[in-house]
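With chain A's structure known, arrange chains B, C, D and E on it following the hints.
Given next are the chains, with one letter for each unit.
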Amino acid sequence: MRRFIRTERKKAGLSPGTLVHVGEKKADHVRIRVIDYDQENLEERELQSIDECVPYRDKPTVSWINIDGLHDVDVIEKLGQTFNLHPLVLEDIMNADQRPKMEDYENYIFIICKMLSYDDKEDRLNIEQFSLLLLPGVIISFQEKPGDVFNPVRERMRKGKGRIRKMGMDYLMYALLDAVVDNYFIVLENIGERIEDLEEELIASPGPETLQAIHHLKRELIFLRKSVWPLREAISGLEREELDLIQEKTTVYLRDVYDHTIQVIDTIETYRDMVSGVLDVYLSSVSNKMNEVMKVLTIIATIFMPMTFIAGIYGMNFKHMPELDTNWGYPAVWLVIIVIGVIMLVYFRRKKWL
Amino acid sequence: MRRFIRTERKKAGLSPGTLVHVGEKKADHVRIRVIDYDQENLEERELQSIDECVPYRDKPTVSWINIDGLHDVDVIEKLGQTFNLHPLVLEDIMNADQRPKMEDYENYIFIICKMLSYDDKEDRLNIEQFSLLLLPGVIISFQEKPGDVFNPVRERMRKGKGRIRKMGMDYLMYALLDAVVDNYFIVLENIGERIEDLEEELIASPGPETLQAIHHLKRELIFLRKSVWPLREAISGLEREELDLIQEKTTVYLRDVYDHTIQVIDTIETYRDMVSGVLDVYLSSVSNKMNEVMKVLTIIATIFMPMTFIAGIYGMNFKHMPELDTNWGYPAVWLVIIVIGVIMLVYFRRKKWL
Amino acid sequence: MRRFIRTERKKAGLSPGTLVHVGEKKADHVRIRVIDYDQENLEERELQSIDECVPYRDKPTVSWINIDGLHDVDVIEKLGQTFNLHPLVLEDIMNADQRPKMEDYENYIFIICKMLSYDDKEDRLNIEQFSLLLLPGVIISFQEKPGDVFNPVRERMRKGKGRIRKMGMDYLMYALLDAVVDNYFIVLENIGERIEDLEEELIASPGPETLQAIHHLKRELIFLRKSVWPLREAISGLEREELDLIQEKTTVYLRDVYDHTIQVIDTIETYRDMVSGVLDVYLSSVSNKMNEVMKVLTIIATIFMPMTFIAGIYGMNFKHMPELDTNWGYPAVWLVIIVIGVIMLVYFRRKKWL
Amino acid sequence: MRRFIRTERKKAGLSPGTLVHVGEKKADHVRIRVIDYDQENLEERELQSIDECVPYRDKPTVSWINIDGLHDVDVIEKLGQTFNLHPLVLEDIMNADQRPKMEDYENYIFIICKMLSYDDKEDRLNIEQFSLLLLPGVIISFQEKPGDVFNPVRERMRKGKGRIRKMGMDYLMYALLDAVVDNYFIVLENIGERIEDLEEELIASPGPETLQAIHHLKRELIFLRKSVWPLREAISGLEREELDLIQEKTTVYLRDVYDHTIQVIDTIETYRDMVSGVLDVYLSSVSNKMNEVMKVLTIIATIFMPMTFIAGIYGMNFKHMPELDTNWGYPAVWLVIIVIGVIMLVYFRRKKWL
Amino acid sequence: MRRFIRTERKKAGLSPGTLVHVGEKKADHVRIRVIDYDQENLEERELQSIDECVPYRDKPTVSWINIDGLHDVDVIEKLGQTFNLHPLVLEDIMNADQRPKMEDYENYIFIICKMLSYDDKEDRLNIEQFSLLLLPGVIISFQEKPGDVFNPVRERMRKGKGRIRKMGMDYLMYALLDAVVDNYFIVLENIGERIEDLEEELIASPGPETLQAIHHLKRELIFLRKSVWPLREAISGLEREELDLIQEKTTVYLRDVYDHTIQVIDTIETYRDMVSGVLDVYLSSVSNKMNEVMKVLTIIATIFMPMTFIAGIYGMNFKHMPELDTNWGYPAVWLVIIVIGVIMLVYFRRKKWL
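Chains as they are written, first to last, in numbering that gives the first Met the number 0: chain A, 0 to 353; chain B, 0 to 353; chain C, 0 to 353; chain D, 0 to 353; chain E, 0 to 353.
Read the hints as simulated data drawn from the structure, not as lab findings.
Which copy? The list can't say, so a pair holds if one copy fits it or any two copies do.
In the SDA-like style, the derived pairs of lysine to any residue whose C-alpha atoms are separated by at most 25 Å in a straight line are:
#1 K351 <-> E291
#2 K165 <-> P135
#3 K158 <-> G79
#4 K24 <-> Q80
#5 K350 <-> M304
#6 K24 <-> N125
#7 K248 <-> E76
#8 K24 <-> D50
#9 K350 <-> T209
#10 K350 <-> P205
#11 K158 <-> P145
#12 K248 <-> L87
#13 K225 <-> E268
#14 K351 <-> H214
#15 K100 <-> N83
#16 K165 <-> P86
#17 K288 <-> G276
#18 K77 <-> Y104
#19 K225 <-> V274
#20 K158 <-> V72
#21 K351 <-> I299
#22 K350 <-> N287
#23 K25 <-> E195
#24 K165 <-> E247
#25 K225 <-> I185
#26 K351 <-> M289
#27 K120 <-> N189
#28 K350 <-> D196
#29 K120 <-> D196
Bound conformation, chain A alone:
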């Protein structure tokens, strides 16, 4: 949980727009890559400093500047000057705990969303902030660390296949958002499998670990929901608000991402319902097992207590106990005991305890 409001504390009290990196430092140094393309050509290179971005800003081609690593204040500040960005935008970029949102500044659009991945080793959801600036002719994207879900997008750009090279930077923005949302389905599938595993475990051999696992899954779903839910509104804003930077023919694609986001949210809700159901079944099965244990205890106690009582009676040392002296006394006691036992068993069977 500390992952979510981790280091807001560091920032509290500072002047708004002061650049402080909030979040874990996940990358060693900042890496700036640019892909610049139009329908005919594509250039791909790694930049050493923000200054090298200037030509891309002024060229009529579409340029995608991707920055891995958010911890270097100088880089972000320089970028802000170069592209004339609002200080609050820079602050939000450096703060990795933002809520997904879309903001329309007159000359550019600013989008924040979350890249998710499931860390199988630590068995927890990894949440990485991905922010994106849409300027005329330029897209600048920010990631917390190297490694992302955009390789297929890059591949399509390189091959020059598909619409991506023909349409503008707004289509590229769509392609990136689409890649992010598509990736959510992989995380969801992973969680879906774990719910199924849990349900099988529940039938096979539920134990306290099962409860831990249910609880863990429930928490991951809470965090997942928190990361995806606000994205719905952000993408809806992109599609509906008639922004200058987004062409009308792109909105149909944005509607598609919107549909996918809704589907992700729907599935998260379904999973939450299912995990609740699994918890109910777990609790009931614990209760049922206890019930069974109680029955065994009761049957044993109920059968042996009267028998032991009878044996106790004839263990008494009274001088005058006529039964003790008869030959039939001992077998008769056995008979009585067996009869009592049989009656009990019949009674319990009729009560459906056996």
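Using the frame of chain A, we list chains B, C, D and E on its own:
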């Protein structure tokens, strides 16, 4: 649950509009059937290829092209070219995990919904995607596999009875949606019967299987809800958005389907409430049973423990135990024991434990 | 529960507008009664066929045609032709499982609602569909069976007292809806009394029947809510949508019915909260009782087990047990046993178990 | 609970606007008091009949006519004629089970709300209906019984201090509503104290009475919420709907009452959450206590059962039991028993049962 | 809980606008500090009386008048006269139990919010009311006691760094609100840590104190939510309502505070879900532990009861018990007892009770 986000993974990262079949392959080969009619004539045939659709596209009559099987990329691609469809529409058609929706493209309307059936053998809900394109004079529908709920519609078309032959392709669209929604009632009736069975089982002989059945039903209702809920909005859109392709006299029929959809959703909610109620009763009855078991145990223990103690006392081997030598000792002990037993029984009866 | 989607199955697949009676046949034959009135005169008669309705349709007076029994397709069809009704309206009239609604067809208004009554014998809620057509100068109402809540309305019409004879057919519509909604309060009072009874039973002697009764009540409230909730929207539509057939001076009366409907819904919600509360108390009281049983068991076991052990010790047959030979041995054992018992009792009292 | 839909039954079926008193008769006779004032003078008197109201209706001063007791049909009817009120308004005034609401009739405004008080003796919430008519220059208010929360308002009027004498009848209406809402805080404080008491009782000595008290409080909160919730909308309507009878400078005061109402609702919701929390803690503490009881039982049984078994063994009467003849047999048995006991205790301590 | 509607009672019945301090008296005397600045100069001093404020009101520079302590009626009244404030505003300032809100009076804006801090000693949330008046060129702020979260803001003003000295009094208002909301994150982090601690405690050694702690946390979250939730609407009003006193370039900053408020609310909701989850796990672990205790009890009882019975049998004193006289009798009994014990153990292992 894997049924729901099964194979999104396959698609993640591909270019938007790339045609990949997502879903189980439920049909061996693609089957294309066409029904072409106006008020006087009706022609019904099976097409070998999409090319044969072209004349129907251009004729003034109403044509219903139905395609069973979504796995063949070539067929869908060809269709897209023939009818000039947006690539995202084709992608959605091939992806059997879509959420019900209605989309208005300038020249055509695209609708996705779910055909439900209850598989009695496997005792689970089957969900098949049904998508529908409404073009001027042509309806194209897509199903995952042969076999559907539209035979009564076909029969009415063949017999030339009713409004269906007199009105346009928008009325046909309505007739198909109406058939889909009407079929939901059959699935609901099935589920309703199972809830009733559960309630009877609950009174007769509840057991751990009852819990499994409740849980199973709960999950089916979650999935059912997920399949039907968004349809409400889709049909409401058809009715209200003043679409060019839908005549005003058809909207009154669409309002009727809309009402039915609301009724289905209402009933699903009612069923969810009822299943929750059944679960509550089940849990309480388990708890009550345990209570009863506890009472028996306590009564037996409480009656026999003092008795056994008394017998134990006179089983001691002290030299000096005056009672042992008396003649009345033994019957007196029996008397004490019986008195204790009676007092206990009276006490329990007053506590309403018996 | 089958009462609610009973026979939709019968209808699924038929052409829309096909007239099939859906619902239990509650009346033997269809009975048509008409009350025709203006400020001066009132005529009341029973019609033999729909044809006799024609004069009332064309007269300037207000006519109320009431039809008991929905099963006769011919009657409804004839009526449809006489008054030029939309086939979907006729279908809805014959289908007794409709959701309450209000529909504005250009020349008439169609309203569906539910008449409720509490069947004390079978101890269940009876739900009867009441539909109403408001045409210029004519009101046609449909009931499933003879017997209704409108006798006071008829009485007021006959006596010529009050506004009802002076105002138009829209006021009559209001009067009928008002009678239906007023009757809900009687059903609610009945349910309110049963909740009170339950609460008293809960204090006096709760048992498994109490749980059954709570569950039963909960279900009746689910169905009641389902029957009343959509009426809110329907009446709100009548009041707000500026319909031609409804005069402005009548809307203030409709606002009154609307307020009553809201009050009914409020009370249903309150009752649901209360029944939930009763269930909580029941479960807690079961749990408390079990707790008490456990305590008795534990006290008995805890007191007698050590005592029996001590008696057991001195029942052993070792040759060398010096205590056995002393005179004080036996009374000493009694002393020890009594001391142990007293210590236990003091301990339990301090733990507040006694 | 019968307090809420008590006597609707009496009314069902009557003509709308028929005057029937619905509710408990709380006052012996109807008492009419009038306060008539402008900035210079104030006259206060008790009227014998409604006829005496006429001069106040026609004077330019502000008059507040307060009527205690709703049971007298004649009085209300006369009042209706004198001030030309709609019959439905009169009906609502006499029916003490109305939902709070605000209705704008062209020439007057009609407001219903609830005066609450906490009856410490019967330990229940008393709900009294307060309705108010705002006519030009006249306010007529209706209470079920003498005694209200308006004495401070009257005092301010008499003293001529503050704004009340300078502003119009709309400000007086505000002052009355403000007094009603301010009084809710006193009821809330009372309930707040009882929640605190409950929490202390929960720690000190929870018992079945605690559960009764929680349940009781929960119900009072349900009724409280039902009484206050709709007032929000009513006051919001007064403030926002630009009514002719309300001056703009008064709306800022109405916004203040509105804020207070929201605060009351907020606090009720908070209290409901808190009572739920208290219930959870109660149930858990019952469960914990049972757990503790179980542990004691198990420890006792687990320690003494093996010991008693060993004693039983050496109580057997076999001829050939070599141990019995040894001198060390008896102390050895004691040793074994003590060792078993110690091992058990260590085991339980390690399991944290002790 | 009394902290929330503590002393409304004191006020109920008074004339609206009557100044009465509602809330705990947290400061000894009222302290008035002013910071007056423009881009070049900054003056900071402590005022002895409200009269000294007058020059600041009339100067073109921005002045921030901060008042610590709300209990002095004279001071607030004087202030009201000096700045011509509405009596209801003064009343709200003195009542420390207000709900956060924003009100637009024509010449000034009035904002109420809550300053939160976590009192580690008493282990509870401290809530202090902070109200703020935005007049042309002047900001007046009110705190219940000295000590606040604005020192970083003051520091930035003194150093003349950043935007704060260049922009108007609306930016100062933003800076203050931002400081308040930023501080919420610190409180949230504190609570987040306690949830983590609870979860660890839950695994290590849950006890009744754990339940108390969960309950305590749940209540703090209820109060936290009540304090923050309405702020959302207040800030949204500031941003959207196109108020004259707020320049357009400031709204982008207000949008930022709004985003932070949403994030705080989101996190509170997440925490509530998490605490609910923790409670579920706690209850299950209690139940699991009980289950384990029951199993031990049952195993012990089930193993020793038959054994003790057998020992009891051969402790009987019948003359004619042939087994007793054999040499193999005693070892045979031991054998039987051991065999029974082993069978039981195997049975329990197969049932997974061991």
